[in-house]
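Visitor: Take the sequences, apply the hints, and build the full model.
Quick note: the sequence shown, position 8, residue 11 per my numbering, numbers continuous.
Since the hints were derived computationally from the structure, they do not count as laboratory data.
Note that the coordinates shown come from a computational prediction; the quantities given were computed from them, not determined experimentally.
Idealized CB from N, CA, C, for every residue including glycine.
Among these hints, one or two may not hold up.
Claimed, not checked - Label pairs and their computed distance ranges (CB to CB):
#, residue 1, residue 2, range
1, D103, G131, 31 to 39 Å
2, T70, T141, 19 to 27 Å
3, E30, D144, 37 to 45 Å
4, A84, K107, 33 to 41 Å
5, F78, T132, 26 to 34 Å
6, S127, N99, 17 to 25 Å
7, Q146, E30, 34 to 42 Å
8, A27, G79, 34 to 42 Å
9, D103, G157, 14 to 22 Å
10, K108, A81, 34 to 42 Å
11, G157, F78, 32 to 40 Å
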Amino acid sequence: MKNIIITAGLFVITSCGTSSIDTAKMEALAQMVESRNYVFVAEYAYPMNGRSIYLTSEYTFAVSQDTITAYLPYFGRAYVAPIDPDEGGIQFKSNNFRYDITKKKNNWEVMIKTKSVQRNYQISLNIGTTGNATLNITSNDRQSISFNGYIDKGK
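Guide: Have a look at this one:
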C-alpha cells in the first residue's frame with residue numbers, strides 16, 4: 004500500500020513538472036511563430052510520386068520579419084528545366100512575400116506567398132504545439148512537395 008501511495012505521489016509530481024515545461028515550450032514556440040523569427044528544419048521529404056525520403060543533411064526554411072530563405076532539396080517532376088545545373092532543389096531568398104497566420108486549437112497554420120523570386124511559391128506550414136511541423140511547397144512549374152520536421156529558434 005505504501006508503494007502505491009509513493010508511486011502515485013511521484014506520478015503527480017512528474018506530471019506537474021512536465022506540464023510547466025510543456026507550457027513554457029509552447030509559449031516560446033508561440034512567440035517565435037507570431038514574431039516571425041524561426042527556422043523549419045526538414046527531416047523527411049515527401050515527393051508527390053514515391054515514398055518518404057529521410058534527409059541526412061540539414062535543410063532549412065528560415066522565416067524572419069522581412070526575409071524568408073529556403074534551402075531545401077527537391078524530388079519530383081519539373082515542368083521547366085533550369086538552365087543552370089546549380090539551381091537544383093528549392094533555394095531562394097525573398098524580401099517580398101505575404102505572410103498570413105491562423106491560430107487553431109492545437110496548431111498554427113502559416114500561409115506564405117512569394118512575389119519576388121524567379122518561381123512564385125505558395126508555402127503552407129502547419130506547426131503543432133510540440134514544435135513538430137509540416138511544410139508544403141507548391142510552385143508554378145514543379146510538382147508540389149512536402150517536408151516533415153520541427154521548428155527551431157531563428158537567428
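Visitor: Each hint should be assessed against the structure and marked as holding or not.
Guide: Status of the hints after comparison with the structure:
Between D103 and G131 the beta carbons are some 18 Å apart, a value that contradicts the proposed interval 31 to 39 Å. Distance hint check: the CB atoms of T70 and T141 are about 20 Å apart, consistent with the given range 19 to 27 Å. Look at E30 against D144: about 40 Å separates their beta carbons, and that is inside 37 to 45 Å. At roughly 39 Å, the beta carbons of A84 and K107 sit within the given window of 33 to 41 Å.
Checking the proposed 26 to 34 Å range against F78 and T132 shows it holds: the Cβ atoms sit about 29 Å from each other. With their beta carbons about 19 Å apart, S127 and N99 fall inside the hinted range of 17 to 25 Å. Hint check: Q146 to E30, Cβ distance near 37 Å, so the stated range 34 to 42 Å holds. Taken as a hint, the range 34 to 42 Å holds for the pair A27 and G79, whose Cβ atoms sit roughly 39 Å apart.
Taking 14 to 22 Å as the suggested C-beta distance range, the pair D103 and G157 conforms, at roughly 18 Å. For the pair K108 and A81, the supplied restraint of 34 to 42 Å holds, since their beta-carbon distance comes to about 37 Å. Checking the proposed 32 to 40 Å range against G157 and F78 shows it is violated: the Cβ atoms sit about 26 Å from each other.
In the structure shown, a violation is registered for the earlier hints numbered 1 and 11, in ascending order.
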